[in-house]
Amino acid sequence: MTDAVTQTAEAAARLGPLPRLRSSVSRFGIFMLLPALVLLGGAISSTFLSAGNISNLLLQLAPLGIVAIGQAFVMIVRGLDLSVASTMATAAVIATGFSGSNRDVAMITVVVLATSVAVGLLNGVLVAKRQVSPFLATLATMILLQGFRFAYTQGAPSGNVPPLFRVLGSEKFYGIPYDFAILLVLAVIFWIVLHRSAFGRRVFIVGGNPVTGRMLGIRTDVITIACYLISSCLAGAAGLILSGYVGLVDNWVGQGYELDSIVACVIGGVSLKGGRGSIPGALAGAAIIMVAANEVLLFGLPIQIQIIIKGVVIVLAAALYAR
Amino acid sequence: MTGSLAAVRWFRAHDSLVGVTLLIAAVCILGAGTADRFFSFNNMVNVYEQSTDLALVSIGQTLAILTGGIDLSVGSLISLTSCLTSGLIDGDPSRVAPVLVAVLALGVLIGLVNAALVIGLRVHPLIVTLGMSAILQGVTLFYAMGPVGKVPRDFSFLAYGRVGGFPLGATIAVMLCIIVALLLRYLPLGRQIYAVGDDDNAARLAGLPRSRVLMLVYGCSGFCCAATGLYLAARFGSGQPYTGVNYTLASITPVILGGTVLRGGRGGVVGTLLGAFLISLVNNLLNFMDVSKQYQLVAQALIIILAVSVYMHRREPT
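Line by line, the protein sequences give chains A and B.
Numbering-wise (our numbering), the first sequence opens with residue 1 and increments by one.
Numbering-wise (our numbering), the second sequence opens with residue 1 and increments by one.
Worth flagging that the hints you see were computed from the coordinates, not collected in a lab.
Any given hint could be a false lead.
Per label pair, the in silico range of CB-to-CB distance [claimed, not checked]:
(1) Thr212(A) with Ile179(B): 41 to 47 Å
(2) Ile189(A) with Pro209(B): 18 to 24 Å
(3) Phe31(A) with Tyr186(B): 51 to 57 Å
Remember, predicted model here, so these are calculated numbers, not experimental data.
Built from N, CA and C at the ideal position, the CB exists for glycine as well.
Just chain B, same shape as in the assembly (with noise of 0.2 Å):
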């Protein structure tokens, strides 16, 4: 009995990842029935593949949005750290570990200073990393107007080598959300996060340490944004300016999927990690299906209604 009841709140409360699982679950089970080939372990291994790239920026953004705010600095610094990946190695195998060190330095930096604005000038996230967006965006292009640079062969192996038969990138995006989700779970920084995000007056009156959360938040959400940027130059060889653009508001459909909510303080970042494979897996089925390109932008706007709009009704509304 206590048993089943044990059971009965852990559905409870991690009701969301129920959710993303279910969808999960049915897209396999309908790409089963579409096409033999989807439901092989090649093709799941090339699907775990494909999420890499989402699932590295969703996990800065799932924190920050768990805070209540939101990071829209994500594509301009994912562009311009590709760029100065590429354009910095520039195919000498010497300078790799520098400029790796270098690079998230620079991604955690520009998080800090993210988040040193929000609580000096006391100004939404979402106008702060907008703004940071465009001032990065110039930076970027300062650098380069076009591809720049190129990266050496050995690097390449971040985005297309295997460890014994898996994706090496994506394995590092798993680990990364693993360990997010333990300092989430038994830091107590990890635990302020969700107070923050609950409420952010009474965790101020509580005493909580506001700053240092955000300043945690914004630096990891930095942080992910430039091995994002180091991933995309091993795969396309050199760093574009533009590359980045297009995660900005990717990257908060996985977090929205995995059941974080918007508003701030429920969550996290395993939800967001099964979000990011999903969207990679409704894809490949797409693919599979031979619905073309444009389609697949209908079917993830859908799929976003319908997950936000079923997650929201059943909370009552404030």
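The shape of chain A in the complex, shown without the other chains (with noise of 0.2 Å):
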């Protein structure tokens, strides 16, 4: 870890100022980013600071900062995950199609636990031993979940989300979400697994070099594999989360997810050609977008705008880190 930093800052001492400013920049500049746009909400808006909104973001980053964590593994990996919306929703739907009450819970998690690891593995099968593009095998699995789900639902989705699921995607506990909570015993989770295990280490050196990976004699199938696993199995779970939160089902739940994912990891430093990022990094990417979009509503600006920054950031973050 030092040894990292210190060649770190070797190599922008040879650099000189501006390259190293860019260098800090691009390594720090995510965790600068956030609490200045906390400052600027409160500064500009006496309501983005009460306890109710500050709340209220916490519950509904949630979903994503979980799909976001599965993201950074594929991204990691050199991959790319574009099925996590499609696994969100079929989540979603799944949840809804039993009787409604909590004694399906269970059965419920089960099967859905089950689709989702159908979907990992199909992903990084393709991915892994097949060789196809992970843009192209996301792509594949996201339409035929899609297909399937449109087939079971017949375009109309209905039926109720059980009660559980209810307080543990809307519903806070002496002002913390649920939701939040499941998010924060994940991140940690998570990030023992990336960066504290040894697992953690082969994801970032197949990543970094499958080729040097392999000499080492890491198996970087199953390396891959897992890692897509991980991907749609956290999606699955962000998937019963948010419908819970939606609190009703329709075909599309989590629309937008697996680009704002993809996004959130990349303005946290996750490199999209592999072997660099981290958990917070990503963390605090999806925590930027909720904010950003939070602030955009608050300050009474069109909603439009919302979406043209969040194009801007995508560009500027990425210019960033762009070496």
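Hey, can you piece these two chains together into the complex? The hints should help.
As structure tokens, then:
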């Protein structure tokens, strides 16, 4: 760890002042941008920093944060998971596919888990064993799931979300949303998995240089498949939570999360070329997207501005990390 | 002997074209066995007509993918241009010509901005065009929140007109494809697209004008999107702010089916055109077989998985 830091510092010293600035900005900029956005929000709108608004923000942040964690794993092994939104929607449809009472929670969880594992395996095997480009493999599973979902619901899903998911997705415990607590637990677990375990180290090696990985005796295919599994399972969980937040179901629960989660990762310093990234970065990226969206609404700006700002932030953030 | 060798070599060089042609033939045989009317001239012209929009977008997308990039802004650009077309014309036949030119120019301009950002910021095209897509969608929603304007009857000729029995829009797409194919083959800048896609670094070291190649590629893609926007405005009679959403990802499928490799450097637009035709053909066949829309999606996904995993396996893993 310290080696990496000194190496970066040496590299920065060689580069001179401007690239050095660029390098430190790209290392820590994300963690400065978030407080800056929060302060800006507090300065302009008095409601922004109110306990109610913050707690709502955390509530809305959780699903995106959970998906972004999985997306970070996939992106670090040089992948991309476009199927997460479709997995989320499928999980939501499954959640309402039973009687809608708490009796079925276990059953729903099992079915969602099985679906997510199947999706992750399909993605992972296509990418790792058949050398299909991740973009295409996950695009195909996305369409595949969408087709199955439409066929199952006949285009008009109905039914109720079990109360337990309603509680997890939309209620708070003394101001702290349950889903945010889930996000925190998952973030800690996967932070340990990615940054403090042998598996995580292998993930970075495979993403940084697969050939080296193979020469070191790492089963690169197994690592890659595992990352896709993590992503799809987290997407399934996020889908259940989001269905609890929305409370009703349609075929498009979670639409846009595939791109938003990629954007969150890119803003958070996860490299599209693989091998670099972190869980805190991805989460900070997700938080920035949510805070920016929230501020646009609070400042009374038109909704279109929100989309435009997102576009500008994507490009600028990526430009910071470009070398 | 040399003749057969040349044929073998030709097949090797165009194996992806052969693949997509065989798939089309297989679907045709399957279709002829399913329904009498499937393989009729009229139905084939229908299939040809229905592939127009996908063919138009995918031609530009092919170029972007050939350089190893991708253009994810196509969907929003199509929405924007189709809204602008019907909104600005607004039923007035005298405005058709200037709006047509302006919309196509806007498409090219936005493509050039994409390229400039890719070059100037050194950011991956995936991210640049994704950002551009959000920006354009926002702008489109500023212009119109719902269906906007209308096009005169004459303008609809672009989508529904037939010239000598053949649909006009589709024929324009085919001609555009032929022009682009010739440019790729005979224009130095066209050949350099392959060089940049094959090995960006080597191309740069060899002194190839990478910036100009990217400008050409994304400019072309923008032009194709604007053309698609015009076509959709003509077909639906008015532009809608979300018309293009599905084209972003849909435009990639024909490119891949046509044998262009996502990593860049290999493929071509003729394959893409055949790929678009194949998708239209499969959808048509599924309609004949009374397969519901939902399973058409499943079928499309399975074709993608099948096609890419077969193509990929033939090349040695890196």
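Cross-check of the supplied hints:
1. In this structure, Thr212(A) and Ile179(B) meet the distance hint of 41 to 47 Å, their C-beta atoms being roughly 45 Å apart.
2. The supplied range of 18 to 24 Å is broken by Ile189(A) and Pro209(B), whose beta-carbon atoms lie about 50 Å from each other.
3. Our hint of 51 to 57 Å for Phe31(A) and Tyr186(B) holds, since their Cβ atoms are close to 52 Å apart.
Of the numbered hints listed earlier, the single one contradicted by the structure is hint 2.
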